[in-house]
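Protein chains: 2
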Amino acid sequence: MKNIKEYMQGVGQAARAAAYQLVKATTNDKNNALEFIAIALEDQFDFVLAENEKDMLEGRSSGLDAALLDRLALNEARLHSMIDGIRQVAALNDPVGEITDLKYRPSGIQVGKMRVPLGVVGIIYESRPNVTADAAALCLKSGNAAILRGGSEALNSNKAIAQCINQGLVKAGLPEAAIQVIDTIDRAAVGELITMPEYVDVIVPRGGKGLIARVSQEASVPVIKHLHGICHVYIDDEADRSKALAIAFNAKTHRYGTCNTMETLLVAQAVASDILPELAAQYQTEGVELRGCSITRDIVSDVKVATDEDWQAEYLAPILSIRVVKGLDEAIDHIQQYSSQHTESIVTENYTTARRFLREVDSSSVMVNASTRFADGYEYGLGAEIGISTDKFHVRGPVGLEGLTSQKFIVLGDGQVRE
Amino acid sequence: MKNIKEYMQGVGQAARAAAYQLVKATTNDKNNALEFIAIALEDQFDFVLAENEKDMLEGRSSGLDAALLDRLALNEARLHSMIDGIRQVAALNDPVGEITDLKYRPSGIQVGKMRVPLGVVGIIYESRPNVTADAAALCLKSGNAAILRGGSEALNSNKAIAQCINQGLVKAGLPEAAIQVIDTIDRAAVGELITMPEYVDVIVPRGGKGLIARVSQEASVPVIKHLHGICHVYIDDEADRSKALAIAFNAKTHRYGTCNTMETLLVAQAVASDILPELAAQYQTEGVELRGCSITRDIVSDVKVATDEDWQAEYLAPILSIRVVKGLDEAIDHIQQYSSQHTESIVTENYTTARRFLREVDSSSVMVNASTRFADGYEYGLGAEIGISTDKFHVRGPVGLEGLTSQKFIVLGDGQVRE
Numbered sequence: 000m001k002n003i004k005e006y007m008q009g010v011g012q013a014a015r016a017a018a019y020q021l022v023k024a025t026t027n028d029k030n031n032a033l034e035f036i037a038i039a040l041e042d043q044f045d046f047v048l049a050e051n052e053k054d055m056l057e058g059r060s061s062g063l064d065a066a067l068l069d070r071l072a073l074n075e076a077r078l079h080s081m082i083d084g085i086r087q088v089a090a091l092n093d094p095v096g097e098i099t100d101l102k103y104r105p106s107g108i109q110v111g112k113m114r115v116p117l118g119v120v121g122i123i124y125e126s127r128p129n130v131t132a133d134a135a136a137l138c139l140k141s142g143n144a145a146i147l148r149g150g151s152e153a154l155n156s157n158k159a160i161a162q163c164i165n166q167g168l169v170k171a172g173l174p175e176a177a178i179q180v181i182d183t184i185d186r187a188a189v190g191e192l193i194t195m196p197e198y199v200d201v202i203v204p205r206g207g208k209g210l211i212a213r214v215s216q217e218a219s220v221p222v223i224k225h226l227h228g229i230c231h232v233y234i235d236d237e238a239d240r241s242k243a244l245a246i247a248f249n250a251k252t253h254r255y256g257t258c259n260t261m262e263t264l265l266v267a268q269a270v271a272s273d274i275l276p277e278l279a280a281q282y283q284t285e286g287v288e289l290r291g292c293s294i295t296r297d298i299v300s301d302v303k304v305a306t307d308e309d310w311q312a313e314y315l316a317p318i319l320s321i322r323v324v325k326g327l328d329e330a331i332d333h334i335q336q337y338s339s340q341h342t343e344s345i346v347t348e349n350y351t352t353a354r355r356f357l358r359e360v361d362s363s364s365v366m367v368n369a370s371t372r373f374a375d376g377y378e379y380g381l382g383a384e385i386g387i388s389t390d391k392f393h394v395r396g397p398v399g400l401e402g403l404t405s406q407k408f409i410v411l412g413d414g415q416v417r418e
Numbered sequence: 000m001k002n003i004k005e006y007m008q009g010v011g012q013a014a015r016a017a018a019y020q021l022v023k024a025t026t027n028d029k030n031n032a033l034e035f036i037a038i039a040l041e042d043q044f045d046f047v048l049a050e051n052e053k054d055m056l057e058g059r060s061s062g063l064d065a066a067l068l069d070r071l072a073l074n075e076a077r078l079h080s081m082i083d084g085i086r087q088v089a090a091l092n093d094p095v096g097e098i099t100d101l102k103y104r105p106s107g108i109q110v111g112k113m114r115v116p117l118g119v120v121g122i123i124y125e126s127r128p129n130v131t132a133d134a135a136a137l138c139l140k141s142g143n144a145a146i147l148r149g150g151s152e153a154l155n156s157n158k159a160i161a162q163c164i165n166q167g168l169v170k171a172g173l174p175e176a177a178i179q180v181i182d183t184i185d186r187a188a189v190g191e192l193i194t195m196p197e198y199v200d201v202i203v204p205r206g207g208k209g210l211i212a213r214v215s216q217e218a219s220v221p222v223i224k225h226l227h228g229i230c231h232v233y234i235d236d237e238a239d240r241s242k243a244l245a246i247a248f249n250a251k252t253h254r255y256g257t258c259n260t261m262e263t264l265l266v267a268q269a270v271a272s273d274i275l276p277e278l279a280a281q282y283q284t285e286g287v288e289l290r291g292c293s294i295t296r297d298i299v300s301d302v303k304v305a306t307d308e309d310w311q312a313e314y315l316a317p318i319l320s321i322r323v324v325k326g327l328d329e330a331i332d333h334i335q336q337y338s339s340q341h342t343e344s345i346v347t348e349n350y351t352t353a354r355r356f357l358r359e360v361d362s363s364s365v366m367v368n369a370s371t372r373f374a375d376g377y378e379y380g381l382g383a384e385i386g387i388s389t390d391k392f393h394v395r396g397p398v399g400l401e402g403l404t405s406q407k408f409i410v411l412g413d414g415q416v417r418e
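Taken in order, these protein sequences are the chains called A and B.
With the first letter of the first sequence counted as 1, position 216 gets the number 215 in numbering that gives the first Met the number 0; the numbers rise by one all the way through.
With the first letter of the second sequence counted as 1, position 361 gets the number 360 in numbering that gives the first Met the number 0; the numbers rise by one all the way through.
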């Protein structure tokens, strides 16, 4: 095996050089490249599936579990959907070059902002071949060069997809190194990728918490990351009863494994005995295990004791913790203490209560009378999502193309000088 | 001396708690606090000056150089200007809570963004007492708690100013710990401050390159930083002659020590022999030392040889390097290779050339027909400036109040659930 440090330095240099070239790429150049990539994937449809089958065979023989194998698997439908995804990104507005806030200043200069790519984006993800195409498309459309490091179990699939991507780039006259897929399974490659600030401007880890925690701890470049999703719904004493039932039910049961699923329900004391029995019955019909505070357990039967660990838990499972609170202040205090600052929703008809919740709850998405399940780039109209940021720096919440860009100042003058 | 780690952990905890309180502070609360701080500084005007005099005495006896002593010194005029600065920040619009882009989605939810404070800001600066008041005001107005660590030579001055700040905060009903000034000269305090991600959300180092480089290398929290200012002016072959002369002269000679001062002049070959002799004479009258490429030296006498080191130099002095280039492409290539990505300006009357320069030059400020000296938060209308960022992540260019904030998503619904 080649020397990993040298190999990654070469990848980094090529990415930086490609990023300089991409600055000159027009919207048309980028869209053409995306279309050519889609066509290359269609042309080599069977080859990509065959390479994926190699990964699947190895995965089965090395004993990968069913969930991992499912994420690794491509089939005709999935490959078609991957290709459609690339064309959807091509159809999005180009964020690069957008000029905003251009205003005249007393000196006579006109000052505004122009949106620019971040430069080189490193994406680290698990063995999901569709991420290779998806991440490549988002980085390219936002004018960034990308270095993609997928899970080793998907190496053959990723190399096949990378081949199609490179063909598309070249056909559109863009540098091949605009999208590079790391073709070594040596884990040291990740260590190098996240510590090359001279070549990499931002790292986006996509995958499990272990991966994300390790990457963000060891990276010397900025990381756009998502850690936990401990989301709350608070049913206020002035909630509309039917909205409360619908939202609390949907936020928990629509999907259990997603980061925007409600994990803790807070209910105002004044309405708890009215709402909780009906809601609990609905949950129990769905097979959701309930864990509650003592008041909850007085109101509803078959509820286990919720401990402090429950308030801190991201179950990602049909389990819900329930706490009865005095009112808004106690709900906000609970959220402040236990929330992962991902998504919280209040159900209320009271204007002032809604306004306070929106202002005082410090999470990446704060909602009134809507299910937490809406916290999603597509639902928000971003058109695509590279991830969800639970940080505040640079970008917060669902991250679309804009999150992969920055803004520079532009100044238009007519010969002005400083007095 | 107390245990520094314990002390800084205490400061961090108090700042985090204060930041939670500040989220509830109204615009009026914050403006009142700023006004009360200004009044406290007026009431204790002589005390602050006397404490500064202690620092000056110690500074003189320990042999601080004249430039450092000048930055350390407060006098009546400077203290008045410091107090005015606080009132100017109070007069700025409150960025916190600003809601933008609120749009209806097909699902019926309304999605928008609300601007929120970053949380806790750590400011590390040299022995300039005015920064204490300035940074405190900007952090407070943007709803952030601040931990201020000034140079040890200014400790008495900073403690006196901090006392006034704390009085103002308390009088306005805001937590005293919203602004904390580190009252130890132990350098280990900086090491702690930049490695407490649980309590500190961002670090802003203000000072010399050594300080900034050290802080950004060792910090485990995000840093808003400014490193070098190697700024270029390119005089295009279609430049207006009088604009070119005025801008190139102003960008170099308006002030020598500032980061937005031009350090390298690029001139298109076609106009070099017309423009350079007159411009060089103006520079030489001002005492600016010229260093040039061979073509420059053929055209102008008394020009030293510019080496590769000159193209990389931030002189911050009456020295200018000059290079004659074939045209736009070579100018952009030179800038790409040598610029610190701070500020570059083109002088041209050609629409397409201007448009290409704006798009392709990747610097925090890119200008057409204006002096690089305009790259400044006040000139840009930001109202105030906490620094200039030469990074792309989070914020780029002059950083005003908005740079100390983030945006969360807000969702307004009417009972919507995910289908």
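Any given hint might turn out to be false.
[Stated by the list, open to error] For each label pair, taking beta carbons as the anchor points, the in silico distance ranges come out as: (1) Gly286(A) to Leu101(B): 33 to 41 Å; (2) Tyr103(A) to Arg59(B): 41 to 49 Å; (3) Gly9(A) to Asp301(B): 57 to 65 Å; (4) Glu418(A) to Ser272(B): 49 to 57 Å; (5) Ser61(A) to Asp182(B): 58 to 66 Å; (6) Tyr103(B) to Arg59(A): 42 to 50 Å; (7) Ala187(A) to Asp301(B): 29 to 37 Å; (8) Arg59(A) to Pro105(B): 47 to 55 Å.
Hints are computed from structural coordinates only; laboratory data are not their basis.
Beta carbons are placed, not taken as given, at the ideal position from N, Cα and C, and that holds for glycine.
Quick rundown of the hints versus the structure:
1. Gly286(A) to Leu101(B): 33 to 41 Å: The hint (33 to 41 Å, Cβ to Cβ) holds, given that Gly286(A) and Leu101(B) are roughly 38 Å apart.
2. Tyr103(A) to Arg59(B): 41 to 49 Å: holds (47 Å)
3. Gly9(A) to Asp301(B): 57 to 65 Å: For Asp301(B) against Gly9(A), whose Cβ atoms are near 45 Å apart, the range 57 to 65 Å is violated.
4. Glu418(A) to Ser272(B): 49 to 57 Å: violated (31 Å)
5. Ser61(A) to Asp182(B): 58 to 66 Å: Distance hint for Ser61(A), Asp182(B) holds at roughly 59 Å.
6. Tyr103(B) to Arg59(A): 42 to 50 Å: The hinted range 42 to 50 Å holds for Tyr103(B) and Arg59(A), with Cβ atoms some 48 Å apart.
7. Ala187(A) to Asp301(B): 29 to 37 Å: With a Cβ separation near 55 Å, Ala187(A) and Asp301(B) fall outside 29 to 37 Å, so the hint is violated.
8. Arg59(A) to Pro105(B): 47 to 55 Å: Once the Cβ atoms are compared, 41 Å apart, the range 47 to 55 Å for Pro105(B) and Arg59(A) is violated.
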